[in-house]
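**Student:** The chain contents come next:
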Amino acid sequence: MEKRAIFDNKLLPYALLLPQILITLVFFYWPASQAVWQSFLIEDAFGTSSEFVWLDNYRDLLSKPDYYASMLTTAWFSAVVTFLAMAIALLLASMANKQISGRNAYRTLLVWPYAVAPALAGVLWLFMLQPSLGVLSKLLRANGVDWNPLLNSNHALIMVVLAATWKQISYNFLFFLAGLQAIPRSVIEAAAIDGARPMRRFWTIIFPLLSPTTFYLLVVNIVYVFFETFGIIDAMTSGGPARTTTTLVYKVYQDGKLGGDLGGSAAQSVILMAIVIGLTAIQFRFVERRVNY
Amino acid sequence: MVENDRLGAWIAHVVLIIGIVILAFPVYLAFVGSTHDAATISNGQMPLTPGPNLVAAYEKALFTGTSGTTREPVWTMMRNSLIMALAIAVGKIAISLLSAFAVVYFRFPFRQTAFWIIFVTLMLPVEVRIYPTYKIVSDLGMLNTYAGLTIPLIASATATLLFRQFFMTVPDELVEASKIDGAGPMRFFVDTLLPLSVTSIAAMFVIQFIYGWNQYLWPLLITTSDNMQTIVIGLRKMIVTQDALTEWDVAMATAILAMLPPVAIVLLMQRFFVKGLVETEK
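Here the protein sequences come in this chain order: A and B.
Heads up: the first sequence begins at 1 in my numbering, then just goes up one per residue.
Heads up: the second sequence begins at 1 in my numbering, then just goes up one per residue.
What the hints contain is simulated information worked out from the structure, not anything from laboratory work.
Computed from a predicted model, the values in this text were never measured in an experiment.
Here a beta-carbon is modelled for each residue, glycine too, at the ideal position from N, C-alpha and C.
Misleading hints may appear alongside valid ones.
[Said to hold, decoys possible] One side of the interface only, derived from the structure: several residues of chain A facing chain B at Cβ under 10 Å:
1. E43
2. S137
3. P208
[Said to hold, decoys possible] Derived DEER-like restraints, expressed as beta-carbon distance ranges:
4. G141/B with P65/A: 38 to 44 Å
5. E43/A with L174/B: 23 to 29 Å
6. I183/A with G141/B: 53 to 59 Å
7. F108/B with Q181/A: 38 to 44 Å
[Said to hold, decoys possible] Partner residues aside, some chain A positions facing chain B, computed with beta carbon under 8 Å:
8. L120
9. F175
10. S211
11. P212
Kindly produce the complete structure, drawing on both the sequences and the hints.
**Tutor:** The structure is reproduced here in structure tokens:
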């Protein structure tokens with residue numbers, strides 16, 4: 001798609017693009033290329049000299065069990081949060097899509113958590129689940145659960161999952177609602193006339209027609225859990241106990257903060273880059289398909 | 001629905017209300033926390049209804065800060081967050097409008113290249129290049145400055161894509177008319193294109209303001225001095241894990257203050273918010 005009516009000017013377009021391009025080159029491409037370059041180097045302890053070591057950093061990284069542990073945590077965390085946040089959002093969206101009174105008020109009251117910072121969501125849930133003073137912890141303890149996310153890694157994971165899911169429901173809800181509203185009423189009415197009950201209509205007609213939205217959200221939610229839950233984890237568990245809530249991104253941050261292994265941290269960054277590029281590519285291939293469909 | 005079923009409507013109301021209550025409950029509790037004194041909360045004796053400490057907690061948070069971990073008053077943090085959010089939102093919109101204008105309304109060598117350079121940044125979030133980016137900002141002497149907090153974040157592929165998409169729908173006749181009137185490209189941009197883009201700009205503003213206000217990893221790296229920290233970072237520092245020293249009343253007051261501006265913007269500008277969210281993500 002191209003404009004037919006355009007302006008003639010040799011230099012102006014470059015001047016217009018300059019600020020954006022300059023920022024991307026300085027703060028995106030240069031650091032990204034630095035990360036790739038550093039991932040092939042080993043620096044000595046004083047940072048005075050470095051040696052090109054090909055893939056040694058990657059080999060080193062992939063031989064460490066804690067890297068796999070962190071991968072597993074990330075995978076598990078993404079799967080659970082994505083599933084919960086999408087399932088709950090879909091349920092709420094299909095209810096909000098019915099012809100009921102107060103639909104707009106319901107929508108308003110369901111979308112605002114989108115504006116809450118992830119780290120802040122973490123603090124809110126921590127306040128409820130803090131073992132000694134949290135309101136929900138007391139409830140759990142009264143029911144015989146020895147709730148202690150500071151020591152028990154399952155409890156810590158549950159806590160992080162709750163905060164991350166809570167924060168993401170609104171976003172998914174808005175997209176599911178938009179998707180549901182785009183389904184032609186006539187299709188659903190035809191099915192109703194054929195005698196399909198609401199549940200059957202949902203699974204055989206509505207859910208398949210929603211699949212572009214579902215697929216899109218699947219990718220977005222995975223990206224969310226990978227990257228944006230950093231604040232939640234840092235606020236709630238700092239990756240603990242015993243690194244069991246350390247995701248891949250949190251590990252890059254922590255390994256780098258503790259200093260030392262620049263090459264290893266760079267290698268981790270490069271692997272993450274590959275993951276984002278893969279996810280984005282999947283997303284855009286699908287967008288193209290949807291356009292034809 | 002298709003059948004006129006009362007039961008279905010009832011179920012819908014019940015499910016939605018449960019959903020709303022679950023979403024609101026953590027915030028309600030934080031508010032209750034901000035109205036009781038720290039000792040009551042630390043003892044685990046906090047009731048589920050608001051207490052008498054509201055004014056004291058907010059006053060202490062806003063003008064004094066906590067006594068221990070971070071002594072900065074919260075209003076300084078709010079000022080920093082506001083500057084950061086506004087600079088990011090305005091900066092992103094400004095440079096993206098210019099880039100989109102260049103890409104849509106001119107033909108020049110490397111046009112596609114420029115577009116791809118901007119587009120690929122979608123795949124390079126801060127999180128995958130944490131330390132090299134930190135190093136550049138530090139080499140440029142931008143640690144603990146507003147410039148360091150904002151400029152590296154104002155490149156925006158999403159905003160550029162959105163404005164590009166919108167400019168494509170603007171009728172060609174407007175360009176022709178401007179040309180006949182003798183207006184140059186910048187004149188057309190300011191007098192014709194910008195007024196037409198107001199809705200898209202508002203939508204983008206809502207999304208990017210929230211993005212800027214809620215930043216976490218970046219200010220965590222870039223700001224080390226207390227008077228530069230944002231409210232989200234400040235709140236995080238007030239929570240001392242594995243320790244009874246957290247002043248929960250002040251922390252919860254800060255939490256409420258930290259979510260007020262972005263939540264208010266979403267609620268007041270809901271139409272633009274929904275538009276911005278749904279359209280940028282295509």
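**Student:** Indicate, hint by hint, whether the structure satisfies it.
**Tutor:** So, going through the hints one by one against the coordinates:
At its closest, the beta carbon of E43/A sits 13 Å from a beta carbon of chain B; the interface hint therefore is violated under the 10 Å criterion. Annotation: S137/A was flagged as interfacial toward chain B, and the flag holds, the nearest CB pair being 8 Å apart, inside 10 Å. Of the supplied interface hints, the one on P208/A is violated, with its beta-carbon coming no nearer than about 18 Å to a beta-carbon of chain B, more than 10 Å. Separated by about 41 Å at the C-beta atoms, G141/B and P65/A satisfy the suggested range of 38 to 44 Å.
About 57 Å separates the C-beta atoms of E43/A and L174/B, a value inconsistent with the hinted range of 23 to 29 Å. Distance hint check for I183/A and G141/B: the Cβ-Cβ separation is about 55 Å, which falls inside the suggested range of 53 to 59 Å. Remark: the range hint 38 to 44 Å for F108/B to Q181/A is upheld by a beta-carbon distance near 41 Å. About 6 Å separates the beta-carbon of L120/A from the nearest beta-carbon of chain B, less than 8 Å, and the hint is met.
Contact between F175/A and chain B, as hinted, is supported at the beta carbon level, the nearest pair being about 7 Å apart and thus within 8 Å. Annotation: interface hint on S211/A violated; nearest CB of chain B at approximately 16 Å, more than 8 Å. Checking P212/A against chain B: minimum C-beta separation of about 11 Å lies over 8 Å; hint violated.
Figure legend: structure checked against the earlier numbered hints; hints not met, in rising order: 1, 3, 5, 10, 11.
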